[in-house]
Structure formats: C-alpha cells, structure tokens
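Student: Residue numbers (the working numbering), protein chains in the order written: chain A, 1 to 129; chain B, 1 to 413; chain C, 1 to 327; chain D, 1 to 140.
Check the hints yourself; a few may be wrong.
Straight-line distance between alpha carbons at most 20 angstroms, and here's what the computed SDA-like set of lysine to any residue pairs gives [said to hold, decoys possible]:
{"#": "1", "chain 1": "A", "residue 1": "K109", "chain 2": "D", "residue 2": "E126"}
{"#": "2", "chain 1": "B", "residue 1": "K301", "chain 2": "B", "residue 2": "K338"}
{"#": "3", "chain 1": "B", "residue 1": "K327", "chain 2": "B", "residue 2": "H311"}
{"#": "4", "chain 1": "A", "residue 1": "K20", "chain 2": "C", "residue 2": "T31"}
{"#": "5", "chain 1": "C", "residue 1": "K285", "chain 2": "B", "residue 2": "L211"}
{"#": "6", "chain 1": "D", "residue 1": "K134", "chain 2": "A", "residue 2": "S22"}
{"#": "7", "chain 1": "A", "residue 1": "K30", "chain 2": "D", "residue 2": "Q109"}
{"#": "8", "chain 1": "B", "residue 1": "K201", "chain 2": "B", "residue 2": "G309"}
{"#": "9", "chain 1": "B", "residue 1": "K64", "chain 2": "B", "residue 2": "R336"}
{"#": "10", "chain 1": "A", "residue 1": "K30", "chain 2": "D", "residue 2": "W15"}
{"#": "11", "chain 1": "A", "residue 1": "K103", "chain 2": "A", "residue 2": "M123"}
{"#": "12", "chain 1": "A", "residue 1": "K109", "chain 2": "D", "residue 2": "Y130"}
{"#": "13", "chain 1": "D", "residue 1": "K134", "chain 2": "A", "residue 2": "K20"}
{"#": "14", "chain 1": "B", "residue 1": "K201", "chain 2": "A", "residue 2": "R4"}
{"#": "15", "chain 1": "B", "residue 1": "K301", "chain 2": "A", "residue 2": "E12"}
{"#": "16", "chain 1": "C", "residue 1": "K285", "chain 2": "A", "residue 2": "A55"}
{"#": "17", "chain 1": "A", "residue 1": "K103", "chain 2": "B", "residue 2": "K301"}
{"#": "18", "chain 1": "C", "residue 1": "K230", "chain 2": "C", "residue 2": "L87"}
{"#": "19", "chain 1": "C", "residue 1": "K285", "chain 2": "C", "residue 2": "L87"}
{"#": "20", "chain 1": "B", "residue 1": "K64", "chain 2": "B", "residue 2": "D267"}
{"#": "21", "chain 1": "A", "residue 1": "K40", "chain 2": "D", "residue 2": "E126"}
{"#": "22", "chain 1": "B", "residue 1": "K201", "chain 2": "A", "residue 2": "Y26"}
{"#": "23", "chain 1": "C", "residue 1": "K42", "chain 2": "D", "residue 2": "K69"}
{"#": "24", "chain 1": "B", "residue 1": "K327", "chain 2": "B", "residue 2": "K338"}
{"#": "25", "chain 1": "A", "residue 1": "K40", "chain 2": "B", "residue 2": "E255"}
{"#": "26", "chain 1": "B", "residue 1": "K201", "chain 2": "A", "residue 2": "R15"}
{"#": "27", "chain 1": "C", "residue 1": "K42", "chain 2": "D", "residue 2": "E77"}
{"#": "28", "chain 1": "A", "residue 1": "K30", "chain 2": "D", "residue 2": "L48"}
{"#": "29", "chain 1": "C", "residue 1": "K285", "chain 2": "A", "residue 2": "R5"}
{"#": "30", "chain 1": "C", "residue 1": "K230", "chain 2": "D", "residue 2": "G137"}
{"#": "31", "chain 1": "D", "residue 1": "K134", "chain 2": "A", "residue 2": "K81"}
{"#": "32", "chain 1": "C", "residue 1": "K230", "chain 2": "C", "residue 2": "L299"}
{"#": "33", "chain 1": "C", "residue 1": "K42", "chain 2": "D", "residue 2": "K83"}
{"#": "34", "chain 1": "A", "residue 1": "K81", "chain 2": "A", "residue 2": "I68"}
{"#": "35", "chain 1": "A", "residue 1": "K30", "chain 2": "C", "residue 2": "K42"}
Examples of chain C residues lying across from chain B (beta carbon under 7 angstroms, computed) [claimed, not checked]:
{"#": "36", "residue": "S47"}
{"#": "37", "residue": "P262"}
{"#": "38", "residue": "K285"}
{"#": "39", "residue": "L288"}
Simulated from the structure, these hints should not be mistaken for lab results.
Note that CB positions come from ideal geometry on N, CA and C, so glycine has one too.
Letter by letter, the chains look like this.
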Amino acid sequence: MPRRRAGAAIPEMFRTMLEKPSTRAYPYQKVELPARFRGKLDIDPERCTGCQVCAMVCPAGVITMIDIGTRKVGDKELPVKRPVFELSTCIFCGECVDNCAFKALEMTKQFELATPHKEDLTMRKALTK
Amino acid sequence: MTEDKPPRKEESAGLMKYSAENLVPFGPIHPALKEPEYFKLVLEGEKIVEVIPRIGYVHRGLEKAAESRPWVQNMYMFERTCGICSFVHSLTYGQAVEGLTIYEIPRRAKFIRTIIAELERIHSHLLWVGLMGHWAGFETLFMWVWRDREVVLDLVEAISGNRIHKSMNAFCGVRRDMPEGMEDRIVERMKFLVDRANYYKGIVDTEETMLERTEDIGRVSAETAEKLCAVGPMARYVGLRRDIRLNDPYAAYDEVPFDIVTSKEGDVHALLKLRLDEMIVAANMVSYAVKHLPEGPIRIKIPPVIPAGEHSSHSEAPRGEIFYYVKSSGGRTPDRVKSRQPTMANLPTALEILKGQTIADVPVVLTAIDPCFGCMDRMSFLDIESNRQWTWSGEELRRYGINYYFPERMKMR
Amino acid sequence: MINEILQAIIFPGVLFTIAMGFLFDWLDRKTAARMQGRIGPKITGPSGILQPLADFLKLLFKEEIIPSHADRVIFLFAPALYFLAPLLSMLFIPIIGPTPLAGFEFDLLAILFLLAYAAFVVTILSYSSASSFTTIATGRLVLQYVSYEIPLVLAIITAALYSRSLSVEGIVASQSTLWNILVMPFAFGVYIIALMAELEKPPFDIPSAKTEIVAGWLTEFSGRALSFLKLTKEVGYVFGSALAVSLFLGGGLGPEVAAVPPPVLYFVYFMVKLLLVGFLIFVLKTALARIKIGQATELFWKILTPVSLAQIAFVLVLIQGGVLVAT
Amino acid sequence: MLERLATWSRKRSPWVFHINASSCNGCDIELVASLTPLYDIERFGAILVPSPRHADVLIVTGTVNAQTKDRLRRVYEQVPEPKHVIALGACAAAGGVFKGCYNVGQGVQDVIPVDMFIPGCPPRPEAIMYGVLKLLGEVK
Ligand code: SF4
Ligand code: SF4
Ligand code: SF4
Ligand code: SF4
Ligand code: SF4
Ligand code: SF4
Ligand code: SF4
Ligand code: SF4
C-alpha cells in the first residue's frame, strides 16, 4: 500500500512548470491537420452533373436540388438540377463525397467556419456553373 | 427535521411530499453535468435522503426518426446519440442490421473496428478520470488527463478524419482503411499512455485529499448492483464479471487477447483505478491489433434494401452494455429501432448509492456512472427497501409539469 | 498631512493594495496554468498581467441584476462593506518601514475583529440572496468559519505571546534577531492552512464549490457587486499573506545593504517574502482536491486546534524558562 | 474614454456560460477541451463560469428540444447585459442530423437571438476558439 500524503502531485507540478507548456499556438500558428481531416465541403461545378445522389444519401438533409433549366432528352424536356448546400447542418460525415460518381465533391481542410450570419453557410457554388 | 415530514403520498409519485426548503435541484443546467438532467435531491442538512430524477432533457426522438430514414443514414444519426462513445453506437446498430443480411464481415474490418472501439474506450476513460478530478475540485488532474487524452484524439483523427464522430462504420465493413505507416506511431503512443495511466494510478492512490473524496464513497453491494441490472464498470467494480466483449465476443474480440478487470472494493476509488486499469488493457489491445492486422478487403458493399426480419445486437461500450434491436419488413427504412444505453441501466444503481451520501458527493457519484443521459425518457422506480414501486404516468408528468411551471421563484429586477 | 493622505490613498495604501490584489490574482492564475501545462492569461497586457483588471472593469460596466426575493439594501451595500475589511486591515501592516500607516497599540485585536466582521458580512450577503444554492452555501460558510476561526486566532496569538505585543508593529520589531517561524513553525503552518480556508482556496473552496452548488454564495451576484466581491477576495489574499509575513517572517526585516536606503530595502524584503508566501499558497491550492465540509471541520478541530495549543504551550515554556526570548 | 475602456475590458474578458440544450456531448466535450492545456482558451481571458449571472457569452450546444426550450430562454434572461450568444455545432445552428425529429426545433436562433454560429459536428477546439475570437472582434 503506497503512503498516503497530501500534495502527491507537487513534484510533477514543478516538472510541468519548468517544461515548455503544451499549448499549441493557434491562432498565431497554423494547425497541422491530418490528411484525412474532414472540413468544409466543396464542389467543383464543372464536374457536377446534377445526378442527385448526394442529396439522397445525406443524413442531415443538407443538400437540396434546384432546377436551373431544362434539357431535351428525346422529345421530353427534363429539368436540369444542381445541388445547394445548407452547410449549417452539415455533420461532415463525407457520405456525399463517397457517393458522388463524378468526383465533384471534396472535403477541404477548412474548419474556421464561424460566422454571425447563417446565410453565409449556404453554398450555391454549383448553380453558377 | 425528520418528524415534520408530511406523510408520503404515493399518488404524487413522491414528487411533492417535501417542502420547498429542503428540495435542492441538481440540474438541469448544472456545471457538474455536462448534459442537462434534473435531479431533485431531498436533503436533511447536507445529507440526501431521497433522489428524484427527472429525465428527458436530451430526448430528441431518435427511435421515431429512425423509422422514416434510410438504413445507412440512421447509422450517422445513431452515431450521434452521444459524442463520447459514438463509434460503438454505430457499431452495434450496424451489427444488428448486418445480422439481417447474409454477408460476412471481412476480417480486416473487424480488426479495424476493434482498434477504433478500444481507442474510443481509452478516450472515454481518460475523459472520465479527468472529469472525476474536476468534480472533486482537483483541476490539475483534470488538465493533465485531458492533455494526455489529446494523444488518442489525434490518432483517431488521423485514422478517421474527425476527433469525435468518427463516421468510420459501414454495413459489413468500415469506410476507411488504416493509414499507411501508422503502426509504429500508434504503438509508441500507446506505450506513452500506459505510462501516464500508471502515474495517475499512483496519484489517486496516494493523494490524501483525493482519497478523502473517493474512498468509501459510492458503496453498493454486489447483490444490489446485480438486482438493479448494473452494467459495465459499474458492475465490475463490485466484482461482477460482466463484459460483453468476453461473454459474447463481437468484432475481433475473440482474436485479440485480453482480460477484463474487476475490483472487489466497490467504492469510487476502486472505480477510478478500475478504469485506469481497463485503459491499460485497452492500450495493449490496440497495440496487439495494430501489429496483427490481417490483410484483405475492408468492406463489402451491400444493397440499400435490408431483408425482412428482426435482429438485436449488443456490445460493450466504455460505460457498459449497449443494446440495439432492429426490425425490418424488407424496405429501405427500418420498421423499428430500439436502443438501450448503459446510463439508463445504471441509473437505478446510482440513485441507490446516492441515498445517505452528502450533497458534496453527488457529482462524484453521478460521475461514477458517467452521466450521459442520451436516452432516458421513461422510467419506473423500485424502492427495494420498502418494496414500494411506482411509475410516472402521463398524468403525473403533467401534474408535475404544472407544478414546475408555476410562477418562477427567480425573477428579473 | 498631505503626505500622509497621499500615502494612505496611493502608496502603500489603498491603490497599492488593490494593485497587489490584481497582481496576486494574475500570479495565481498564471502559476496554476503553468503547473497544469498551460499558458494561462496571455494577451491582456504583457503576459496577461492586466487580466484581473480587465475582468474587474468589465464587471463594473455590466448590468447588475438583483433577484426579486433578495434584500435590496443588503445586496447594494454589503459588497462595499465587505470590501472595507481587508483594505482597513492592510493599513496596520508595516510595508515601507517599521511603522505602519495606522497602527496603534492593540491593532492586532482590530485585525481579529475585522476578520470576524468580514465573515459576518459574507454570511449576511450569502443569506440575503436566498436561493437554494446560497442557502447551502451559507450553512457551509458558517460551519467553515467556526472551524478555522479558532486555529487561526490561536496561531496569531502564539506570535503575539512570544513577542509580548498586541500590535503588528511590535511583533515585527521583536523579530529583528530571530524570525518567529523558527520558534513556532507549526503555528505558521496552521496559519497558512486556516488562511486558505478563509480565502476559500482549494481544498477549502467548499462554500463556493462550483461543481456542487453552482457558484456557492456568489451565485446570485452580477455586475458591480460581483466585481467588488472578487476584488475583496483578491485583496484578502494579499492581506492574509502580508500578515503571515509580519507575524512569522519578520516583516520587512533582513540583512542591511549599505548602498540601498532602508525604506526601499525594507519594502523589497517585504515584497519578496510576500510573494513567497503567496507562491506557497498557489502551489498548495493547485495540488489538492476539494475536501468535504465535515472533513474540513474535523481537520481544524481534531488536528489543527490541538497542534496550535501545543505550540502555545511550547512557546510558554520557552518564555517561562527564559530561553530564546525575543527582544 | 470610458466607452473605450469598457470595450477594451469586454474584449479581454469574455466569461462563458455553457448550456447544453439536448446535445449529444460531442460539442460539449470539444468546448471543455478548448480549456485544456493543448488549446487553453484562457489565454484570451475566457473562462467557464458556473453561474449565468457571471457570464458574458452564452454558448449553446444541441438541438434545443421541447423540454430545454424554456430553460434556455430562462437562462438567457438571467445573463446580465451586454450578452452574446454563440450557437455551437450543427445541432445548435440548425438542428444538425436531428433536423426533422419530432421533438427538436430548428436551432437556437428560434428561441434566443444568436450572434455567432460555429458549424461543425463537432467543431474542433480551434474552430471554437476562432468563433469566440471572431465574436470578440465584434464586441462593441
Ligand atoms: S455533386 Fe455529385 S452526387 Fe451531387 S448532384 Fe452533383 S454529380 Fe451528383
Ligand atoms: S458531409 Fe454528410 S452531412 Fe455534409 S453534406 Fe455531405 S452527406 Fe450531408
Ligand atoms: S414527456 Fe417524455 S416522451 Fe414526452 S417529450 Fe418529454 S421526455 Fe419525451
Ligand atoms: S415512445 Fe419510443 S417509439 Fe414512441 S415515439 Fe417515443 S421514442 Fe418513438
Ligand atoms: S453510454 Fe453514455 S457516453 Fe456512451 S453513448 Fe451512451 S450516453 Fe453517450
Ligand atoms: S426499460 Fe428499464 S427495466 Fe427495461 S431494460 Fe431498460 S432499464 Fe431495464
Ligand atoms: S428514447 Fe432515447 S434513443 Fe429513443 S428517441 Fe428518446 S432519446 Fe432517442
Ligand atoms: S453538432 Fe454534432 S457533435 Fe454537436 S451536439 Fe450536434 S450531433 Fe453532437
């Protein structure tokens, strides 16, 4: 049975005090993010075909498809759709990225997303092709 | 004090039988509980004579929502039942669903699942030890332990891409493989954590003030714990050998050697040491699994429609047994999902322990069960001493609600 | 005359004391942070030294909410009354020379009175805010007060007895050859522990335990009242340590250095000792977990009171035997 | 002059009260993590206070369900002016993955005004610090 005493942590405390503090210098220094980090979603409007798969798989209902025009297939007019992302509810799961067959989506390393206006978090990039 | 207590009124579910002065609310917004939960403590001086829990502040309606969402999306939702042992939720839900399908889970995926689950256990136990220090007023321990916890989170982030919600699981496999060249780093970091765990064991064993706070606190007999269905560390600290990993192995637990830790002392101090010991075991398991990771595929893609049937699955989360039941009628969405979390199972035991303690012990004892009230919105009570049993019906809840919302005592100027 | 008033207001009087209070708060936070492997306050002034000032000013400029069931008069004025206690006591401590600003023959008794007065005001304050947390906190406050009071007074009396003086000035003067701590180390220890209880530092932060009873007796205070209550605690910190220096560590006395004028030297010695005592408390407070009120009471009554009585007996024997009597 | 002093002190001493409005814990532990040695938000004067009466900044996590709504409003009223609200996490911003569950709302701003949204599930401690600092840049 080890000896009970008050202040058992004192030696370690002094050791810690003499060491360099373990605090990372954010925001003065950039954060080192691992290669797989899942940050803000980004879309390449050139690649997106409007297939809607991402909107179907998203568990958080982030993605809505918007009609941006029509195209002719045979003699039928079919709507052309593009996704709009309501990133405020995005849970950064990456499911949409995995499922996009055209590799239009990507998770960037951007994590500093704080904003006073929720509208800023709506991504309409795909619409302006 | 005791004499002038009004007689017990059974029909009010024990809520209004005490005068306002000796009822102390504990929660729902209380710094000791990182989650909102409400306990009314009936006090005599500093001593607690009765605890009345009021739960449901985190009720979000997951089970109901699950019925209208596709199978895969539910995985991400159930993962977010809780941020502390999130992976094990998706794992158990996944296992329950996998049970309905005919596919075999690749061996490599099983190992990766084990690694993540054990990393999660280490992170959860460290978090717990730190918070225990915080609640006992020992900030330094809290800071150190949480500093060391970041080691695990960094590893988890490197493997999965997020610190908390790993989103690693998929039906019949995992979504991401282990990154290249992580093996040495993981083994080395695990060694570091084992060293730290041993140091903290020394601290909780020798520091006088910490011992004063934890020794002989939170005692419960093995019989009571067994009768009240305690699970996880709450069962093991009174000597019950209960661990789903051992009793009913899942993932790769039948291939990774380990032994569970139990304790005989049955107080909070024993619980602290037990968790640190479990952490060491988990760290060794991670090192072993990383070294013996089999080759092969990590995932089988399965169709989005799950065959009809019922299946259940359980697993050992850091805080005890998690249980999932799923029912399918062969569609794209489940018919019913039911989950049971360890905290729910441990709450009756904790209430039993709290009786007779002082108010200073409340945070410590409630931490002992690790308050995570993700899933408690209905409840029956059983007072084993007087053999009195009662349930809250909707009517009682309503009456309690009316009483609660009566003119507030606290008003603005 | 003007000189004296200036002394009382600026240096080493009120303003200096308050500044010291801020300094102590900063040092406290900073050392605790460093020992925990953190940096602590950093951007407010050099190394965050202005952090306590910023906190204080911010609270001053904040809205003050008075709960409707609380006693308005007490709520408004008691914080100021409470603030007076350590501030006045500080005037009895010699800081820049052997004579304090406002000493008289029995000023030690006045200090004891002010200590009791502060505890009384806190209790009233706590009780007046009348919420269930503060009610528990009041109970704890009173219990803690009656526990630490006796050992604290006994420790102070030990020093007075040995120095055969009831004024701080006299006690300091009597230590020119031998510091009291060497004669009565246990009294010093008891004093420090009781001081931590009085300042509600861990392990005795029982009446303001934030994980148990929200913010304890401070729960209902906001804005200006809160800023003064916090400031009082900080000044109390300084005063408690200063009294320890005067009673047990020989005040500002120390070996003379020819090149330095005596008042400056006195002041420097005093400050060094003051910071040492402060540091001792920082370390203890960072290293310990909070104990329960029952355990605190037991500690003070069952252990520290007998210890201080034994110390008094020992000192009396010394005096009686004529050994080592202070001059 | 006084005005500038007040602004200075407010920017330097944001005291945070954290309220969990039915969140999953993920955001809460990341918030606590931002106090711990690796991130140490106390560098900027921010501390976690135990009583809403002491707070300047209210950080809300979680979806705000039917039960916590009233409590959230009550706590908000207890915070003395000037006060700011940060909605932490996808849940607090707009319901997150629980959007559409029968018991949850559409985020914090339906109940109390919000000054800063920090999306993420959960946001990294650095992201939380970024949000707090961004808010401080705006404290007037
Ligand atoms: S982003 Fe990809 S999945 Fe989504 S609509 Fe465009 S192409 Fe389809
Ligand atoms: S990352 Fe997940 S939550 Fe976000 S848009 Fe993609 S699928 Fe939806
Ligand atoms: S009464 Fe129960 S079921 Fe209804 S909202 Fe509240 S916790 Fe949920
Ligand atoms: S009781 Fe259960 S099944 Fe019914 S609504 Fe609530 S969570 Fe869903
Ligand atoms: S057991 Fe607790 S920590 Fe684990 S998922 Fe459930 S609520 Fe969260
Ligand atoms: S509902 Fe109650 S009795 Fe049934 S398993 Fe859960 S905790 Fe046990
Ligand atoms: S009972 Fe639990 S899991 Fe089910 S909806 Fe309520 S909180 Fe969610
Ligand atoms: S945003 Fe994500 S981590 Fe935060 S409370 Fe919601 S589900 Fe949990």
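Student: Looking at the structure, which of the earlier hints fail to hold?
Tutor: 2, 6, 7, 8, 10, 13, 15, 16, 19, 20, 22, 23, 25, 27, 28, 30, 31, 32, 33, 36, 37 and 38
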